[in-house]
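Peer 1: Fit chain E to the known structure of chain R by using the hints.
Protein chains: 2
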Amino acid sequence: MNPIEGHLPIRSPLHDILAPAGIAVIGASNDPTKRGYKAMVGLIKDGYRGDIFPVNPKADMVLGVKAWPSVTAIPGNPELALICTPAASVPGLVAECGRRGIKGAIILASGFAEVGSDGAALEREMMAKAEAHGVRIIGPNTSGVFNLHHRVNLLALDNVKPGDVGIISQSGNMLLALALEAQHNGQVGFSTYVGPGNQSDIGFDDYLRYLGEDENTRVATLYVEGFRDGRKFLEVARDVTAMKPVVVYKSGSTEEGQKAASSHTGALAGSYAMTVDLLRQAGVSVVQYSDEILPVAEGLGLLQKARGKRVAVISDGGGQATIASDRLAEAGLELAALSESTRQRLRDVLFPQASTVNPVDVAGSTDANPSLLATCMEIVAEDDNVDSVFLVGMFGGYSIRFAESLMGDEMRGAEAMVDLARSTTKPLVIYSLYTPIKPPALRRLHEAGLPVYASIEQSVRVLAALGERGQYLAQNQRQVRETALAPKPELSGLFQRAQAEGRDLFEHEARQLLREHGIDVPMERVARSEPELEAVAGEFGDVPLAMKVVSKDILHKSDAGGVKLGLVGEQALQRARADILDSCRIYDPDAVIEGMLVTPMARKGVEVIVGVVRDPIFGPVLMFGLGGVFVEILEDVAFRSIPLSRHDAASMVEQIKAKKILAGVRGEPAVDKEALIDLLLTVSRIVEAYPQLSELDLNPVIVHADGYAVVDARVIVERDTQHTLQYKESVA
Amino acid sequence: MNPIEGHLPIRSPLHDILAPAGIAVIGASNDPTKRGYKAMVGLIKDGYRGDIFPVNPKADMVLGVKAWPSVTAIPGNPELALICTPAASVPGLVAECGRRGIKGAIILASGFAEVGSDGAALEREMMAKAEAHGVRIIGPNTSGVFNLHHRVNLLALDNVKPGDVGIISQSGNMLLALALEAQHNGQVGFSTYVGPGNQSDIGFDDYLRYLGEDENTRVATLYVEGFRDGRKFLEVARDVTAMKPVVVYKSGSTEEGQKAASSHTGALAGSYAMTVDLLRQAGVSVVQYSDEILPVAEGLGLLQKARGKRVAVISDGGGQATIASDRLAEAGLELAALSESTRQRLRDVLFPQASTVNPVDVAGSTDANPSLLATCMEIVAEDDNVDSVFLVGMFGGYSIRFAESLMGDEMRGAEAMVDLARSTTKPLVIYSLYTPIKPPALRRLHEAGLPVYASIEQSVRVLAALGERGQYLAQNQRQVRETALAPKPELSGLFQRAQAEGRDLFEHEARQLLREHGIDVPMERVARSEPELEAVAGEFGDVPLAMKVVSKDILHKSDAGGVKLGLVGEQALQRARADILDSCRIYDPDAVIEGMLVTPMARKGVEVIVGVVRDPIFGPVLMFGLGGVFVEILEDVAFRSIPLSRHDAASMVEQIKAKKILAGVRGEPAVDKEALIDLLLTVSRIVEAYPQLSELDLNPVIVHADGYAVVDARVIVERDTQHTLQYKESVA
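Residue numbers (full-length UniProt numbering), protein chains in the order written: chain R, 1 to 732; chain E, 1 to 732.
If we strip away everything but chain R, and leave its shape as in the complex, we get:
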């Protein structure tokens, strides 16, 4: 089995708070319907070893523990306070906690930012007190916290056991659902749970760092409605995923879901497709469906990774081998091509009618001999072409289905699988149709740390997550940080001038910026008058030219009639200029027209779009897609957080559905992918070097079999210079 990859240095301040030496329960109660009762029960029943300080001015004792009239009256030094009282009381209590030296407070109450402006004001008041008194805040509007290895069970869940799955969930019901699934599963246990609620202080990034550092956690599992600081989260995720798996379910895949989320936690959902791409870029295992969260978390926690995506299937039923093959292919996994020597070894032990082509179908060979399945798994696990092994079918149920006398052999098979799991680094994933009734052989496998699934679909999701994680780790180790690009003073000057004039870069300036950093942009000239255009015509000669109006006042040049294509010779150019001037004057009589940009028409090729936005949650993000219907109708685009690695750029090109077109269709040659990757990387480096660049849009870029041409370039300039400075600091 795969160990986790290393340790993060301890840097999170949350360890003291989440594994506290003492806890104050503010609003502790003897009323069983109150959270202040539940929390006390949870601490007492689980045997919390630190000091418990119930705070309740109306009680001497709560559940047999001496109570205190106020936080100030507490004699000891609790590190954590659980505040169970209503929202209005919170700011004062937080201040009191701070004065008493309490490091962190969990705020259960709702009625803060998620309910509107009054609540938001209360939340700001609470945060002001917290900052003034040095108290870190979990919540508000949180379902609470547990840390089972330290017996801190403030939710008083009685169906959870200590284990290695850490959970951060913006839904309390989701935690309960996972806890009940785990109880039913029988093997999954939990380390720490936190509900981040409104994240008014501590956010997903902080909690994730804590789980990354926590030695009891082998897999971090997150239900996210919205990130507070997405860029920071990605940074932490990159660190943590290098050590251990991080599983994220992100809600808001649809507009309907985003609306529901915003009324739940006030979360700003952002683009779902972008979020998923950026999380994957940081090595996160994104799950699409809520019922895959626990299976994938369990599988990644136990097995950590596979070397790659080549799966060997051992099956005792042709139909389920077929289903497995469909699901594996749909998930982007491969049926490993078994070597001839592997196939010979399989033929040596199986009936002649067995299929030794992957998926291996034993075709009855194991009916009286189920341990032979373990032998088959051993054989394929030794094949260099195999990255993981997937057992599909009846194992565990042979003694039920065929004859009770097979129990002994079935248990021997289970032992052999356990031995194999210990001796190989290749993950073994087991689907058995007998999983729902948990027969002894499956219980043995599960207890020994081999996940056993009740559905082929769930098993394949786990295999896919293992393969993706293995490939991520391998490329991440090889990854070379692209060297930073030095901004050139004259180009920084372009931005300053534009900022001073309250405009964006003119297209010829944008082209200059790109060209001077090595991007292929066809030559252009700007003619400001008829005579200048005459000179330009002479310079270009007889090649077909494009002409575009240059004006800070005209954003949509085509709509304004400001673009003419395929012009040959001076006469055509002068006529085009006159037409453009006429159209633009009708379009906007006040527009100041600088002149006409003239540039050669590009050769035919494949049109792609490269864009950059500064996302309010994730910061600078690069977008890539094919032009036309692919972006506009099909939203077939890939996103990556800037800066990109070379692998990131290459993976964008592979991700889009339209990649077939880049590979060449209808006899067209493949486009120059390396040049395209260089382009994406250079754009990423330019964005890093010029914080004044707010947005960029190269639409289209025409890619050829050799190289590419940027045909249109638009650069939006950051107007808020304050923001520019802040950004500079935050990336420094």
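No lab work stands behind these hints: they were computed from the structure. Don't take every hint at face value.
A pair counts as met if it fits within one copy or between any two copies, since identical chains are not told apart.
Pairs of lysine to any residue residues, derived as SDA-like cross-links and limited to a Cα-Cα distance of at most 25 angstroms, are as follows [stated by the list, open to error]:
1. Lys660 / His556
2. Lys232 / Glu688
3. Lys45 / Ile677
4. Lys660 / Ala273
5. Lys259 / Gln344
6. Lys103 / Ala88
7. Lys557 / Gly664
8. Lys309 / Asp31
9. Lys659 / Glu632
10. Lys66 / Gly98
Peer 2: Below, chain E alone, put in the same frame as chain R:
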């Protein structure tokens, strides 16, 4: 709750075989590892009431029942024989069964067509005997049969109970998996199971008709690797789905899965996308994942249908309301817009902070009062805008999570939900995170016939299937059979001439066929010489024209340089003709060139493709998609079996992802959908009327805001006149 819709007249000959008065078990055995032992145990333990005749020449008794040395020696009149002996013995035994008056035989042995040509020969030999002696064959290579309401349990499964789910599965493991899931579920029972195996005689269509007629079956559930006669299956499915739901999981969604299936049952998989479209057209509920089969079958069996796709969500947790919203939207369902009076009634019973916009989030209102959830369900169920009700969250677990004292109120809530289910036709679907541990309130709901799910995703699949089925039934009732189209003798003559000359229709003939049946095809002329072209030029005048070579020897006109576009005036036409003649002579010096087809260039518009193939499994199928990348790269096409209804044609246009383009993008007007629908219907009727038409390809058709123009038409002629005649008979 919804009753099933009616009864099919009894027509299937399988009732005698699947509910037989007596059974011969050929190869009955006292050896517990043999199928001939298992079958005997199954019949005896389940208390089969008919006569059992074990056949075994070496035993006097099998499991206490008198055994007979041969089929011939049996004294009674069994209707069914279970043949457990090896493949080689089967043909002789089938003949013996026939002579003894046995109506049906189940052949368990493998080693027939699925293993290659020797096996195929044996299968033919067996079928010859079966036909000669009037024995119907189940299998070979089948996992067997049960009919639990008649206590015929030939698989000796001891974990299945009688119920209303009928199963036909080409995978024995899949049946076992469903049986174990049902055992774990606790409520699902089964009526009849059959493994069709190689379908050498009885096929999926026959079994489905039987389940349709079987009064113990409320839902037919099929695992299919391949249909033998897909067209027949669709016909039966249309009959059965009008009465009761039919759930199909079709394997082979990928090439990998198709390969695996073909080595399993020798099935010819066919196009997965086409199969799914055609099944849906016939009202079948297609499930994509194997772990959705049982949940969807249970839900459809219990609830039958929803009036439409508008779902009201009642939730006690914002996070899960968000997940539900995402999944509903992804599944094409709608969050019902609750009426103002409904919202007021909800506000009257819920806390002020509750959200009464769908998804309804009770926000703590039910923490001490779980039966209020039932009240909310009643309120939304009475809203005319609501077609089905989805309860999401903790119901069933309030007494566990909050206080044991809530048990009474929770049980009252369950009773109220049961009452509501009885009084409303709107389906109630319940997801509870407590489902895995089956608390009393959920057990009560489940026992009363309300399905309770452990996953939001599965619940939504059920809601989607209910909504799709309701919409199918509604449109199916409204549906008017398109009147048949009478073939015109002169057009039939075109086919006869082409068949006689061993060629396909010339394009002008294809255009004539379409035009004379009312399809809009721009006028064309065929010029066979320079002077003819002069006359044609005069006729058209100054409009831009297209010219295409007419030759039976040149299939790919563009590749041969046989197409010229945008020609204006006689000079241009004559030059184009000369160029085309030159190019075509180089391309194929032996090509016989009839002349040049000249036609006006079409106005700009949206390019679509209409195609017809005669599929080997499903017969004539119409395909529709947008031109260019949509068909070629994205395979974004819709298929329907011919003949189409008007609804079928309209639904094709709605199905494709590119439908946004038809609705008008970038300021373009929407295309004339009614004209497009008329075109699809007319093509369907032409294909029905001319069985000599083998394939048709209208590529492209250019659709405008008003009408369309068929720009290129290709009609492939059926060469095998024998086949044409056969087809004529089969549709007669």
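Peer 1: Does each hint fit the structure? Answer for all of them.
Peer 2: Tested hints:
1. Lys660 / His556: between (31 angstroms within a copy, 23 angstroms between copies)
2. Lys232 / Glu688: within (16 angstroms within a copy, 64 angstroms between copies)
3. Lys45 / Ile677: neither (58 angstroms within a copy, 69 angstroms between copies)
4. Lys660 / Ala273: both (21 angstroms within a copy, 20 angstroms between copies)
5. Lys259 / Gln344: between (58 angstroms within a copy, 21 angstroms between copies)
6. Lys103 / Ala88: within (21 angstroms within a copy, 81 angstroms between copies)
7. Lys557 / Gly664: Answer is between: at 22 angstroms across copies they meet the 25 angstroms cutoff, but 31 angstroms inside does not.
8. Lys309 / Asp31: Classified as neither: same-chain Cα gap 55 angstroms, cross-chain 44 angstroms, threshold 25 angstroms.
9. Lys659 / Glu632: Both ways: Lys659 and Glu632 sit 16 angstroms apart in one copy and 13 angstroms across, limit 25 angstroms.
10. Lys66 / Gly98: within (22 angstroms within a copy, 89 angstroms between copies)
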